[in-house]
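Chemist: Okay, here's what each chain looks like letter by letter:
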Amino acid sequence: AQSVTQLDSHVSVSEGTPVLLRCNYSSSYSPSLFWYVQHPNKGLQLLLKYTSAATLVKGINGFEAEFKKSETSFHLTKPSAHMSDAAEYFCVVSDRGNQGGKLIFGQGTELSVKP
Amino acid sequence: GAGVSQSPSNKVTEKGKDVELRCDPISGHTALYWYRQSLGQGLEFLIYFQGNSAPDKSGLPSDRFSAERTGGSVSTLTIQRTQQEDSAVYLCASTADRGLGEQYFGPGTRLTVT
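So the sequence lines, in the order shown, correspond to chains H and E. Everything in the first sequence is counted per the working numbering, starting at 35 for the first residue and increasing by one. Everything in the second sequence is counted per the working numbering, starting at 143 for the first residue and increasing by one.
Hints should not be assumed to be uniformly reliable.
Only part of the chain H face toward chain E is listed, based on derived beta-carbon distances under 7 Å [said to hold, decoys possible]:
hint, residue
1, Tyr-63
2, Pro-74
3, Leu-80
4, Leu-82
5, Lys-136
6, Gln-141
No wet-lab data here; the hints were simulated from the structure. The model shown is predicted, which means the values in this text are computed figures rather than measured ones. For glycine and all other residues, C-beta sits at the position ideal for the given N, C-alpha and C.
So here's chain E without its partners, still in its complex pose (with noise of 0.2 Å):
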């Protein structure tokens, strides 16, 4: 079946700007993360959503960033005027049985800001 899928797969945008990222998991998982991939700070997590539930937001690292799932399905990731060290691949995975399960990754998100 489809795995989870990322759109779009790389993003050039100008300091100051404003990018949607969106991630499409696996149907009927219940749980959708990102996490970003960088350089000076490996893998780290941003935001978790489980089912209806209020997400966790604890990785955000800043206010610029926010996120949201909509139908329990499809998510979005914004960041709001984009600065050089957001630069990053962004990664979503998925995961059934309230987020016990394995983590299904998708390819990612390459995001460049000049």
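Bound-form chain H, shown alone (with noise of 0.2 Å):
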């Protein structure tokens, strides 16, 4: 079975420091990964994606994630936390893994950008 476990449920960072939010995968198949930001009553949209290319995956807005599969871990990192990266984070995993299938998602990080 697939599964993600997000391992903080609320991160802090000061306006201009590094970001990292920590996530680990199980996937029976070859995985694909996905994070997903949420800002306050707006709808969930796409960060970026892993699917078998690139290990290093560099997404929207700044935000970049590794994939590391001896370490079954897939954290989201961001070199410079700007005020408007406050937001719920969720990390996904597909069901089926690069075949697709319904989206499985970790409990979510909250982040929050002190000025």
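Relying on the hints, combine the two individually framed chains into one complex.
Modeler: Below you can see the structure in the form of structure tokens.
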């Protein structure tokens, strides 16, 4: 079965400092992994996705994530946080790996950015 | 182009009443998903339609929940005899490429059962 675990329910950083949101996954297939962001009272937006091409994936708004098979991790990073990055972030795995299927969501990490 | 749309955006209903939630996917997308987002359960899968195949109903929490997709486009999620624990945001997503591509989410319907 496929699953994801987000290791922190809440992360707080200062504006201009790096962001690290941690995610570990479990997948019976070659995994398809995603990070989605949800701003308050807004819909889910795809930040980036990994589908077995390059292990370092670049997304929107300066975010990137590195797929590490040996560590079963897919952590999300950004070199410098901006106030507008404050939101909830979800690490997601596809149920049937690179064959698509339903999405399985982590519990979410709420990112706060202090001025 | 137009994204995934859902209606109504908010719905307040009394316990025991039936509700219908509507999803209009992106035109041409063959796969359509329903998810539910609630405080206690996070984001969870409900049901999945792919083309003319039988839907994957494995995420429906009870037989009070049902969904249909007419003409391979619009989908309706129906909850019968609503309970307070059904209060949640119901999200719809669609994707092209037989479900292989990015899932695009609608804004959701916030359901409150009083």
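Chemist: What hints, given by number in increasing order, does this structure fail?
Modeler: Failing hints, ascending: 1, 2 and 4.
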